[in-house]
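**Q** Take these sequences, add in the hints, and give me the full structure.
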Amino acid sequence: MRALYDSKSRSIDDRGISQWLSPKMKITSWLIVEKALALSQAEEGLIPEHAAQNIAANCDIEKIDLEEMERIKEKVGHGFVPFLKVLVQACSDEGGKYVHYGVTTQNIQQTGQLYVMKQVHQIYKSFVADILTNLSTLAVEHADTVMAGRTHGKHAVPITYGYKASVWISELLNSVQRLEECEKRVFQVMMGGAAGAFNATGKSGWNIQQRVAEKLQMASMPVPSRNISSHKEEYIMNLALLCNGLHKMAEEVYYTGLEEFGEVSEAFTKGTIGSSTMPQKINPKLAKGIIANAQKLYSLVSLGLFSGARMFEGDSSSYMLYDGMLEEALELTSEVLKRAEELTRTIQVNKTRMYENALLNKGLDNSEHIMMCMAEKIGKDKAHTLLYEKAMQAEIEGKDYFSVLIEDEQLSSAFSAEEIADMLKPENYTGLSRELALDMAMKAKEAADRIRQESSII
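Numbering of the sequence shown is given in my numbering, commencing with residue 86 and proceeding in unit increments.
Hint data in this document are derived by calculation from the structure and do not stem from the laboratory. Any given hint could be a false lead.
Unchecked claim - Straight-line distance between alpha carbons at most 25 Å, and here's what the computed BS3-like set of lysine-lysine pairs gives:
| # | residue 1 | residue 2 |
| --- | --- | --- |
| 1 | Lys467 | Lys447 |
| 2 | Lys148 | Lys269 |
| 3 | Lys111 | Lys160 |
| 4 | Lys239 | Lys447 |
| 5 | Lys182 | Lys160 |
| 6 | Lys288 | Lys333 |
| 7 | Lys210 | Lys370 |
| 8 | Lys148 | Lys158 |
| 9 | Lys510 | Lys467 |
| 10 | Lys120 | Lys269 |
| 11 | Lys436 | Lys447 |
| 12 | Lys436 | Lys373 |
| 13 | Lys111 | Lys182 |
| 14 | Lys182 | Lys333 |
| 15 | Lys109 | Lys300 |
| 16 | Lys373 | Lys210 |
| 17 | Lys182 | Lys120 |
| 18 | Lys239 | Lys109 |
| 19 | Lys160 | Lys109 |
| 20 | Lys210 | Lys288 |
| 21 | Lys203 | Lys111 |
| 22 | Lys203 | Lys120 |
| 23 | Lys120 | Lys148 |
| 24 | Lys111 | Lys381 |
| 25 | Lys381 | Lys203 |
**A** Put into structure tokens, the structure is as follows:
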């Protein structure tokens with residue numbers, strides 16, 4: 086496995102993903118496809134029914150001599166032919182004649198891999214549903230938890246932590262939409278033979294591909310060319326975008342968990358050790374795992390674009406590379422999703438520290454609030470000039486901002502000291518933070534419920 090692991094990852098339930106991505110399952114997926122192929126060919130009259138039934142009965146991993154398969158592989162140096170040899174051996178003489186009839190290696194391997202990906206894809210959606218539920222809870226609980234909004238690494242205007250969660254929800258919902266919309270393009274069956282033009286099987290081959298697709302509950306590739314990789318690249322890109330949103334969340338948890346911020350932290354279990362030399366260390370294990378695995382995933386996107394542009398009707402330098410890239414992309418995404426679900430479920434929010442940090446600039450963060458109130462009286466441009474001068478005076482001269490404001494004739498004639506004091510409170514200028522938090526919390530819950538409902542139907 087090429088994902089980046091740590092001890093924390095091994096303690097998180099992957100919901101069966103590792104079994105689907107195991108070497109044994111790869112062979113099993115080939116058997117599933119070969120079985121569907123044989124039965125479909127018989128239905129179309131291309132091969133005898135009794136031969137198809139014999140092939141189907143022996144497309145069972147328990148009936149395959151895996152040791153013999155390895156011995157043949159050492160001899161012939163081909164990754165798939167040994168599988169075909171032992172499958173033929175498992176079948177009767179008549180059944181063996183029609184194993185892998187009229188198709189080519191990549192037809193079975195790619196279809197098998199995409200079949201496995203489709204199963205893992207459903208598990209991914211279960212993780213995403215739970216992450217959405219966790220973020221929904223976070224957004225509701227902290228719809229009014231005031232904190233400093235930050236742009237360019239500096240304080241901007243106040244927001245709430247629920248609003249911040251709503252941003253993560255919004256991006257995650259976009260990723261859900263992309264993942265669901267691409268299903269019909271990504272999980273496709275290809276049975277076109279050596280060049281993808283059904284040379285060996287003709288019209289019946291096209292009909293057989295449709296039948297195989299129906300049996301595997303997958304789509305049928307419009308032109309089953311071995312040269313087409315865009316659907317695989319699209320899936321890697323969609324996984325990268327999914328993980329990118331979770332990566333963004335992890336970065337915020339990682340940095341606002343620094344002692345200098347102290348606003349959030351990962352849940353900590355007594356007995357966990359953060360450093361071999363510093364006894365006091367409590368490190369962000371979940372966030373750093375999300376960050377590292379997501380960053381590695383991104384590198385596959387550009388690699389796939391270069392590889393997908395190979396010429397002619399098939400090139401092993403491309404589809405063999407994609408075979409490995411897809412495996413790695415699934416492994417990396419699994420690591421991100423496992424950690425993200427636990428992180429969003431167990432994150433600790435320090436409301437008091439958030440509010441204290443929102444007060445660090447002693448009201449300067451609310452300058453826009455006062456400016457907009459003043460704009461109603463003297464116009465926006467003049468109000469901006471006035472508040473800029475007052476903010477710079479407080480910053481440069483080190484004066485208390487409230488004192489600077491109430492000493493100004495224009496401001497003191499427009500507002501009382503009590504009104505100005507209220508305008509400087511961060512909780513009085515969070516815009517629609519609460520409303521956006523609650524709205525996105527509801528949408529997250531609805532999406533999560535829908536995903537679970539559709540998964541149970543499937």
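**Q** Determine for every hint whether it applies to the structure shown.
**A** Comparing the hints with the structure gives:
Proximity of Lys467 to Lys447 is assessed by CA-CA distance (about 23 Å); at most 25 Å being required, the pair is judged to hold. The suggested pairing of Lys148 with Lys269 is violated, with an alpha-carbon distance near 33 Å, which exceeds 25 Å. Restraint check: the Cα-Cα separation between Lys111 and Lys160 comes to about 21 Å, which is no more than 25 Å; the hinted pair holds. Using a Cα cut-off of 25 Å, the hinted pair Lys239 and Lys447 holds, with the two alpha carbons roughly 14 Å apart.
Between Lys182 and Lys160 the CA atoms are separated by roughly 22 Å; this keeps the pair inside 25 Å, and the hint holds. Annotation: proposed proximity of Lys288 to Lys333 is violated, straight-line Cα distance about 50 Å (limit 25 Å). Only pairs whose Cα atoms come within 25 Å are accepted, and Lys210 paired with Lys370 is accepted, the gap being roughly 23 Å. The suggested pairing of Lys148 with Lys158 holds, with an alpha-carbon distance near 18 Å, which does not exceed 25 Å.
Straight-line distance between C-alpha atoms of Lys510 and Lys467 comes to about 23 Å, which keeps the hinted pair within the 25 Å bound. With a C-alpha separation of about 22 Å, the suggested pairing of Lys120 with Lys269 holds against the 25 Å cut-off. Among the hinted pairs, Lys436 with Lys447 is consistent with the structure: their alpha-carbon atoms are about 18 Å apart, no more than 25 Å. Taking the CA atoms of Lys436 and Lys373, the gap is about 23 Å. The hint holds against a cut of 25 Å.
Annotation: proposed proximity of Lys111 to Lys182 holds, straight-line Cα distance about 24 Å (limit 25 Å). Taken as a hint, the Lys182 and Lys333 pair is broken in the structure, with Cα atoms around 55 Å apart against an allowance of 25 Å. At most 25 Å may separate the alpha-carbon atoms for a hinted pair to count; Lys109 and Lys300 meet this at roughly 21 Å. At most 25 Å may separate the alpha-carbon atoms for a hinted pair to count; Lys373 and Lys210 meet this at roughly 22 Å.
Between Lys182 and Lys120, the direct Cα distance comes to roughly 14 Å. Compliance with the 25 Å bound is thereby established for this hinted pair. With a C-alpha separation of about 52 Å, the suggested pair Lys239 and Lys109 falls outside the 25 Å cut-off, and the hint is violated. The hinted pair formed by Lys160 and Lys109 meets the criterion: a straight-line CA distance of about 21 Å does not exceed 25 Å. Restraint check for Lys210 and Lys288: not satisfied, since their Cα atoms lie roughly 37 Å apart, outside the 25 Å limit.
Restraint check for Lys203 and Lys111: the C-alpha separation of about 13 Å stays at or below 25 Å, so the hint holds. Between Lys203 and Lys120 the CA atoms are separated by roughly 18 Å; this keeps the pair inside 25 Å, and the hint holds. Proximity of Lys120 to Lys148 is assessed by CA-CA distance (about 13 Å); at most 25 Å being required, the pair is judged to hold. Among the hinted pairs, Lys111 with Lys381 is consistent with the structure: their alpha-carbon atoms are about 24 Å apart, no more than 25 Å.
Using a Cα cut-off of 25 Å, the hinted pair Lys381 and Lys203 holds, with the two alpha carbons roughly 22 Å apart.
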